[in-house]
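Q: Residues per chain, in single letters:
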Amino acid sequence: MYKLNVNGTSYEIDITASESLSDVLRDRLGLLGVKVSCGEGECGSCTVLVDGKPETSCLKLGRQAEGQEITTIEGMGTYDDLHPIQEAYIEEQGFQCGFCTPGFIMATKAFLDSNPNPTEEEASEAMSGNICRCGAHPYIVKSVLKAAEKIRG
Amino acid sequence: MGVHHMPKKLKVVGKDVPVLDAREKVTGALEYGVDYAVPKMVHGKILRSTIPHGRIKSIDSSKAEALPGVLGVVTHEDSPDLDWIGVWDNYRGKVLDGIARFVGDEVAAVAATTEKIAEQALALIEVEYEVLPAVLDVRKALLDDAPQVREEGNVRDEYRVVWGDGKTGEDESDHIVELEIQFKAQNYAGIGRNACICDWNGEKVTMWTSSQTPSELQSGIHQAFGIPMSSVRVVALPSGCSFGLWWSNNFMMLTAMLAKKIRKPVKIELTSQECMAAVKRRHIEITTGRMGVSNDGQITLADFSHLMDNGAYGFKTDVYFFCCDLWGGAKNGDYRVRGVSTNLVTSGCMRAVGDITMGLAVERLADMCAEKVNIDPVDFRMKNQIKSGQQLRMQEPRQHMKGTLTEYVDKLTDVQKEGWPEMFHLSSGSTHELLRQGAEKFRFKERWKGWGKPSSVNGSKHRGIGVGTGAHCCGVEFGGNTSSVVRVNHDGSVNVFSSCGRQGQGSETTLSQVAAEELGVSLDMVNIVTGDTDAMPWSSGSSASTTMFRTGWATRAAAKDAKKQILRIAAIEYFDSDDPETLDIQDGIIRSQNPEDNRNVSLEEMMNVLCSDSLAQTTVITGRPDEVMPPTIAFARQWAAQFTEVEVDVETGEIRILEFLAGQDSGTVVNPKVLKNQVIGGAICGAGFALYEGIEFDENDGRVLNDGLLDYKLLRTGDFPSDAEVFFVESPDPVGPFGARGAGESPAAAAAPAICQAVYNAIGVWVDVPMTPEAVIRALNER
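Chains as they are written, first to last, in our numbering: chain A, 8 to 160; chain B, 1323 to 2105.
Source of the hints: derived by calculation from the structure; they are not laboratory data. It is possible that part of the hints are untrue.
[Stated by the list, open to error] Okay, the calculated beta carbon distance ranges per label pair:
| id | chain 1 | residue 1 | chain 2 | residue 2 | range |
| --- | --- | --- | --- | --- | --- |
| 1 | B | P1994 | A | I158 | 22 to 28 Å |
| 2 | A | I158 | B | R2100 | 46 to 52 Å |
| 3 | B | P1994 | A | R159 | 26 to 32 Å |
| 4 | B | S1552 | A | G37 | 34 to 40 Å |
| 5 | A | G15 | B | E1525 | 47 to 53 Å |
| 6 | A | P123 | B | A1857 | 43 to 49 Å |
| 7 | A | D87 | B | D1901 | 43 to 49 Å |
| 8 | A | Y18 | B | S1844 | 42 to 48 Å |
| 9 | B | L1404 | A | I158 | 56 to 62 Å |
| 10 | B | K1333 | A | T23 | 53 to 59 Å |
| 11 | A | R159 | B | T1940 | 52 to 58 Å |
| 12 | B | A1857 | A | R159 | 42 to 48 Å |
Please read these numbers as outputs of a predicted model, since none were measured by experiment. We treat Cβ as the ideally placed atom computed from N, Cα and C, and that holds for glycine.
Can you make the complete structure from the sequences, with help from the hints?
A: In structure tokens form, the structure reads like this:
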């Protein structure tokens, strides 16, 4: 059994050797906000925070996450009580289809934790690790800047 | 009839409300096909061909079936002997017919208790092929002795749009420029993949999958399995970015075959690689063209021949291009299209189909003409592009329709056509105002240095500006009509039933805005069903920029019908009147339009009358369109004009987009934020086509080599200016709901011409797309 800390809750799970972290989160814990698209760490849809750092959960083995603090989109705000980053994404409509959005929001969280007052250029570069095929790019960057503003208060 | 008046002041339409599913999207709660599950569900996997063309001599699945956990295998022997036709002929054929037509084609499928077992079972199926010669080259597929991909032969009938006379055009030309250009196939490369769950329970088939075209998928299942449409329920789930990929796809039919065989719900979830190499892609296109111009800048001749490949299962004869209308000011025009089959993965409609490829070729030649007569690209477009009220060039029929469009229009009665815009003429909007306002905002005239001349040079970095234009349809009726149903409940709340897709374009929100506006209720009183065919009337789905214009029209018409019924009862019950025309609903309150009459009744109170001793025959009010919608193709188009500045490094060949301004005329803007996102999203799709994107096919067997995002490069946030701006010109359409038209595709068509022209101006040489650094350096070396 492997001990995982996900969104502040501890779990003991029998993780197989080949099981990716994204599979564990989705299939074992029902955290379907962890979206998996490319499966090769390129698109960033499956981004979660591991000890506060963004990682693509499709490339990480579930067992490797033992003892680490995992945060998924479900560990951010809730439907009735959104996180400021989520509010910002709605206000600036930093998405279209929404499939890549959880990954972008997690990447935004990690970025703003390390850089609470970014320039537009820094935000644009920081979000380049994720892919939005719908092409909401400028609005994603605006969402990041607005989120920074909200968090700074 | 068919044309609705515009109320003076709009309350819901035009408002920047967040999309209705915004909270689900930012919390990760929205369920897509891959997230969906049903009880007792098992898992399926597809066996795919390893050869580009071959007939299955034998297929032995006994070992697979013996594997513990395997529940069933289907092959061509289980396939009904029926053809099904995907939307716009993007697929045609049997689900499985024992012939593999491309590497990755579906050969068989396995259902098992787990996905892993299903995958293991695939390796145990033994297939023996009679290898057939394959044709992997579009031009070679035309030849008489080419291997034939389909029973019907490789070559489809030529589709032609012609006006004026080519010989006259030649004579009138002072200059004629020529071009031959080959466009690579763009990959949908959607983020999101797809999955399909099918349950074949008794005689009732239910399918859950991400689809933009729920009703057409229902029709497809009906065709493929020969069962009544009433037995088929499709529940279309939201999709990730689709661009036309997830309409009705053959893997969905394979899921149904498995479900039918094992009588359990089966889920097939595609891998990213399957999505990128085995479903569908944009066509390869080869365009040869000539364009003539007189010294005063008038285009005298537009003569184009387009060859497009259908891949293995596409059956398109034309690509639904509207660049011939955009450049409709040309005095003489002749556009010819031929579709050919190849042993490559199926090609089909992708966002701005035709206009992103042909449109770019036409814009390139127009730019070359403009340079010959030394007119800047803004003025040249204004001189030669169609204006509102002028005759459309694309007006003749498609084979989907009974007779020609002209015959259809002529057969209708005057009452049916009352108030219609003039048929075969552009009803509203054009690029002119976009170009005028855009040039001003961009300071185009000040910054323009001449053709092939950079706006600035700093060492190896050359900057150039460019402008491009794009057009597309606003839905086309030949694929089927659209409809909507509106239901007003006892509490005055409203359900809208409109068959369309949810791929991020926000239709669930904008259609709800239309219904709320017409019924005079607030948006939070409206709930919409877009995916369940058991509830909705059949509609041509979210393809060809149909949804806002045509389904929006139907939704408004249905709301109008419901309102008419409500006011008829209200007039008698509450206003001692038999004239419902004197009443209106505003903010959920029914009032007299006479300012001196203060009587009013809430919609809720009025609806409760239906439960008591009322005059109504029913418990709720159900509205549906009771008018004839004018054929959209005969008058409506959407327009885009985009301006950009790029920087080209002549040492590395790298291109950066520095500035981007996108103008859009889609008539009345129903939701500015939604539309801005569509416009920029389109521009980025077009920019990807211009800069990076193109499928590489293996030259020996045609397999897709760059079938992952590691090898298929897409634009990321850092690759497109974050301060890109959008402006709207709202020339109201006489037919579209509250004056709105289609939107999603013209912006994708305008971007590549703008970027290509800017690159040309920066470095003085045209670069073929995709303008990768290698292509730029090659073009510079060939200069």
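Q: Hint by hint, say whether it matches the structure.
A: Okay, the hints, checked on the actual structure:
1. B/P1994 with A/I158: 22 to 28 Å: 27 Å, holds
2. A/I158 with B/R2100: 46 to 52 Å: For B/R2100 against A/I158, whose Cβ atoms are near 48 Å apart, the range 46 to 52 Å holds.
3. B/P1994 with A/R159: 26 to 32 Å: 27 Å, holds
4. B/S1552 with A/G37: 34 to 40 Å: Between B/S1552 and A/G37, where Cβ atoms are some 35 Å apart, the hint holds.
5. A/G15 with B/E1525: 47 to 53 Å: About 49 Å separates the Cβ atoms of A/G15 and B/E1525, which means 47 to 53 Å holds.
6. A/P123 with B/A1857: 43 to 49 Å: Holds: the Cβ-Cβ distance is about 47 Å, inside 43 to 49 Å.
7. A/D87 with B/D1901: 43 to 49 Å: 47 Å, holds
8. A/Y18 with B/S1844: 42 to 48 Å: Because 43 Å falls inside the window, the suggested range holds.
9. B/L1404 with A/I158: 56 to 62 Å: Holds: the Cβ-Cβ distance is about 58 Å, inside 56 to 62 Å.
10. B/K1333 with A/T23: 53 to 59 Å: 57 Å, holds
11. A/R159 with B/T1940: 52 to 58 Å: 56 Å, holds
12. B/A1857 with A/R159: 42 to 48 Å: 46 Å, holds
Checked against the numbered hints given earlier, the structure satisfies every one of them.
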